[in-house]
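Colleague: From just these sequences and the hints, can you work out the full model?
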Amino acid sequence: MKNQDYEEYDQDYEKKEIDIMEKLHKKKMAVIERCFPDKNSKGQGLTIQQFLKVMLEHLDYNKDSKEETKKITLALIELFKEIDVNGDGTMEWVEFSNHIIELGLLRNDRSFKDVIKSYHPAENIKDEQKHETVIDRVYFFDRLKMLLVLEKESPKFKVYNSNTSELIWNVNAHKGYVLSAEFIPDQNLIASSSNDLTINFWDSSSFNLKQILSVPEIQLCMRYARWSSSQSNFLYTGGSDSIIHIYDTYDLKERGTLSGWNPFIKRDSQQYGHSSPIGDILAIDQQNTLVTGGLDGNICLWDSATHQPKKELRGHEKGVYSLDWSDWSPMNQCLISAGLDHEAFVWNTYVKEKIFLLRGHNHPLVGVKCLPRTSQVVTADISGMVKVWDVRNFLQIQTFNVPADEIQAFTLTYPKKQIVVGARKMFFYEYDEPKDQMLTDEKMCLKVLYNQTLTCFITLHPDSVKTWDARTGKLQQVYRELSVAELTTMIIDARQRKLFIGDAEGRIFTVNIKNGAKMKKFERHHKMITDLAHWSNDTNRRVISCSREDTVNIHDEDSQDAHKSCRYKMKQHHLSVNSLHVKQDSEHLVSCADDGAIFIIDLVSYRQELVWKGQYELKKVMFLDTHNCIVSVDSIGNVYFIGVLESKFKSKLLLQKTYKAISLTNQEETFPVTSINYHDDLLYLGDELGNLKIWNIKQVLDKVDLHQVEQKIKTRKNNDADTFVTAMDYGQEDIAQIFVIGDIKEVGYQRKAHQDGITFIEVCKDGSHFATSSFDCCCYLWAFKNGQISKIGALILGHDANWGYRIDEKSRAEAAEQEANELLEELKDTIIPTKVEKSDGQISSSKQQLLDRLYGSKQQKDQQKQQIQAEKEDKKEKALGRAKNALKAYEQFKQKQFSYQNQQNQNDQDLKKYDDSEYKDVFQQQDYDEEEEDNYNILTDLQEFKQQQLSSGVYSSKNAFKTKLIKGHHKSKFS
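To convert, note that position 295 of the sequence shown is 354 in this note's numbering; the numbers rise steadily by one, no gaps.
Hints listed in this document are in silico derivations from the structure and should not be mistaken for laboratory results. Do not rely on the hints blindly, as some may be mistaken.
The calculated lysine to any residue pairs, modelled on SDA-like cross-linking and capped at a C-alpha distance of 20 Å, are [said to hold, decoys possible]:
| no. | residue 1 | residue 2 |
| --- | --- | --- |
| 1 | Lys869 | Asp344 |
| 2 | Lys850 | Glu873 |
| 3 | Lys476 | Leu856 |
| 4 | Lys370 | Asp344 |
| 5 | Lys234 | Ile277 |
| 6 | Lys312 | Lys370 |
| 7 | Lys577 | Lys630 |
| 8 | Lys630 | Ala656 |
| 9 | Lys678 | His633 |
| 10 | Lys484 | Leu505 |
| 11 | Lys189 | Leu226 |
| 12 | Lys533 | Asn861 |
| 13 | Lys533 | Asn510 |
| 14 | Lys211 | Leu226 |
| 15 | Lys122 | Ala879 |
| 16 | Lys130 | Ala860 |
| 17 | Lys573 | His633 |
| 18 | Lys269 | Thr223 |
| 19 | Lys476 | Thr223 |
| 20 | Lys577 | Ile551 |
| 21 | Lys577 | Thr598 |
| 22 | Lys824 | Ile753 |
| 23 | Lys630 | Lys678 |
| 24 | Lys533 | Ala860 |
None of the values given here were measured: they were computed from a predicted structure.
Modeller: Put into C-alpha cells, the structure is as follows:
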C-alpha cells in the first residue's frame, strides 16, 4: 500500500459494518433458542421474517429509533443469508449457534488476511549515526513517517526518516534530560517532557519551539487522545507524583487532574488511582476509556467523558510501564500490558481478571506493541529477545534476538511493517512481505471470479484464496492452508455465498466466502481436480467434478457423508477430463477431454451422448447460452463451433477457426487458446502468450437459432421433455455453405495483456467489463467499449490508485432498503413457532407470559414489566414465608425427636412418622430467581471458550460450549 493512501485506508477502516454479535447478550440465547422449532419437528427452521422478528426483539439497540432499526434489519438480512448457506430459505438453531461459535474461534483449517510471516534484519536500512548514550525511548509517528529517538540522560532528541533511517533533525530540546515525547496532530506539534519540570511544544515541520509549559512534577509519559464521543482532544501526562494531568490540545491549558492514591488515607474501597509513578497512558476510543498503568502494578480504567474511575485491573506483581490496545477485529479486541514481570498480560476490559499470559521471556519486558490493523503483537525484554504473537490465538509466531547486550526500547512502524529496536544504536527488522507490490500474489493466479452479491472479486492461487473489494480494488481477506495440496480450481454457487474448491490430490471441499470456514467435503478423486461445475433446481443441488482421471463425478451437495457424496460416475472419456460447463436454465452438462471427445449428460436422468470427437486434445468447452451450440478449443489453436441439443445441426461441426496472434517476432502465428468465455454474442479468448481477443459470433448464433428443432420430443414419464433429439440429415458440405469464416468478426484485440499465458477470463454481469488472471501472478480488470479494450484496474497487493470499476451503490442501497421495508411490514403478521412442553402438549403459563412479554405491544410491555416487578416482590415474600415455615417445621421435628427419645418403651417405627420430609418438601418448593450476571455480551463467552479450549480443553466441542452458554448459570472466569 502506498504511503499517501494510508489516510484513505484509515478512514475506510473506521467505516465498519454493524456487528450483530456485539448487540447480542448471552442471557438472551436461551430465550432465542426456544423460538426455534425443535430439531425433530417437520418445520426445522425459522423463515427470514420469523428470524427478523426474534432478533429485533432480543438485540440490544435503541428500538425507538427507526433509522437504527432499519440498519439493524439490513445487517440481520445479510446475516441470515450468510448463515443460510444451504439455501433452503430457513435457519435452523444448529446453523445459528454454530455460526456464533465459529465467529469466536480460530479455525485450524482456515487463515486470515494478515497471516503472520517472519521479520528479518533489514538489508538496506541501518543506523549510521553515533549515539552518545544508550537509546532510552523510540517513538513512531505515523502521520509524519518519523522516528523520534531519546537517548538516556540527554537533553536532545533526534528525528529520523522511518523508511530510510536518515537523520533529519538533532534538536537541543531541554536544559534537563528528555523523558518522553508525543505528537499532537491538531496543532502539528511535538511535545517533549523533561526533568527540568517543563513540557516543550515544537513545530513538527521546522522543529521551532512554539510554547513552554511548566509542570509541578516530572512528567514521565504523555499520550494524545481524540475522543469521538465527546469531540474532545486532550493531552494526558503522567507524573512521578502518581497524578495524571489533562491538557486541552486547542489552547494547551490544563483542564483537570486525575488524583493518585493518598498515602495518608487508610487503603479502602473508596480510594482509586495509583500509589506510585505513572508508567504509561493509553486511550481506547472504541470503549470511551482511558487506561493508566503505574509502577505499583495496578491498571486503572477511567471514563473518557467524566474522567471518573471505572475499574481496576490487578494481576501484575511488579510495575507496569507499557500498554497497548489490539483492535484487529471485534472478536479480538483486548488490552495488553507489560512491565517488570516476565509475562505480558492480556485483559478483557469488561472483566477484572486477566484472560491470558504471553509467556516465554526470562527477563523483564521493555514493552508491548500491537501493529495496527493486524493481529500482530510484539514483546521484547531487556536481554534483546523479541517475540511476535498472534492475538487471534495468542500463539507465539517468531522469536529472534537482537545482537546487543541490553535493549531499552522498541517500536513498530506501519504501513511499512518494521520492528525498530533501540540499544547503543537502532536495529531495523523488516516484515517478510512480497517484494513486488504490483502483483496479485507471489504465486500464479489460476482463476478470478466476480461475486455480484458480495461485490467482490475472488482470486485463486496454489496456496490461497483472496477476496478483493470491487469498489476499491483493495485486498479484503486471504484464506490460506485450506488444503495440504495445491489448489487447482474453484467455482461459486448460485447464491454466491460458497466456493467449491478442488486441489492437486483430488480433494473437493466447500468454503464460506464471507469468513473462509471450510464447510463440507466431497468424495475424492485419485488425481488432480481439473474443473468443477455447479447445478441446482427446485429439488436437487449437484457439484460436478472432473480430474486427470477419465471420470466425471456428480455429487449431491446435500449429502452428509463425504465418502458417499457421489451419486453418479460418468466413465465415457478415456483420458484426462479437462473442462466442464452447465447450460444456463437447463439440466445439461458438457465435458471434454484429452481423448478429443465431447459428451453431454442429463443431470437428472444421467443419460449421456457423444456429441463430437476431434483429432486433438480438447482443453476447454462451454455452452453458448442460451443457444444450442457449444464452443471448444484444442491444444494446437483450433476453435470449434458444434451444434447440440435441439439444433438441426446436432453433433455437427458448424465452423472451425484457427486462432492466430502476433508472435514475439512480429509474425502472425497459431497459438493455443488457454481460456474462453462468452457473453451476449461476444466470445472472449486468451492465449498462452498473454494476448486477448474478442470475437463477435452473432451471425453464427443467429443461423443456429434459425435451424432449431421446433418442438421437444416427449419420451419420459410425467411429460418431461427429453432434449436429446436426432439430428437432421445435413451433410458437411451443406453446413459449410451455411456457416462461413466471415460470420466471425474480430472486434477487440489487446496484445500482451499479460506477460504470460492467460488462465481465466471472467465477464462481469454488465457485459462491458471483464477480468483476466494469468501465470504472470497478475489479475487485471478491463473495459470493452466501442471496439477498444482498456485496462481500468489491477488487483495488486500495493493497491491500484487508478482503480476504475464503479458500482451503482444507490441502486443496491435502494433495493436493500426496499427488501428491509417489505420484511418489516410482514413482521406484523409473522408468527414465531415455539417449542411445546412434552408433558401435556401445551406451552406452560410461565413461558406463555414470557412470549407475550417479548412480542406484545409497548403498552403491554410496560404493564408486564410492572407486573413482573410485582411478581418478584411477591416471590420474595413467599420465599421468606417458606423459609420461616421450613425453620418452624425443623424446630418441631427436633422437639418431637427429643420427646420420643425419652420414651424408652416407644416403638422405633413411630419416629419415622416424623422424619425430615416435612421441611425438605418446603425447601424443594422454593423458586429462587437467578442472580443478575455481569452485563457483558456473548463475545466475552466466546473469548472464554477459545482460551479454555486452547489451554486446558475444558470444552471439547461446539456442543459442549453451547450447553454451557445456554444452560450454565455460573459467571465466566478469565484466568
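Colleague: Kindly indicate which numbered hints from before are broken by the structure, ordering the numbers from low to high.
Modeller: 1, 2, 6, 7, 10, 16, 17, 18 and 21
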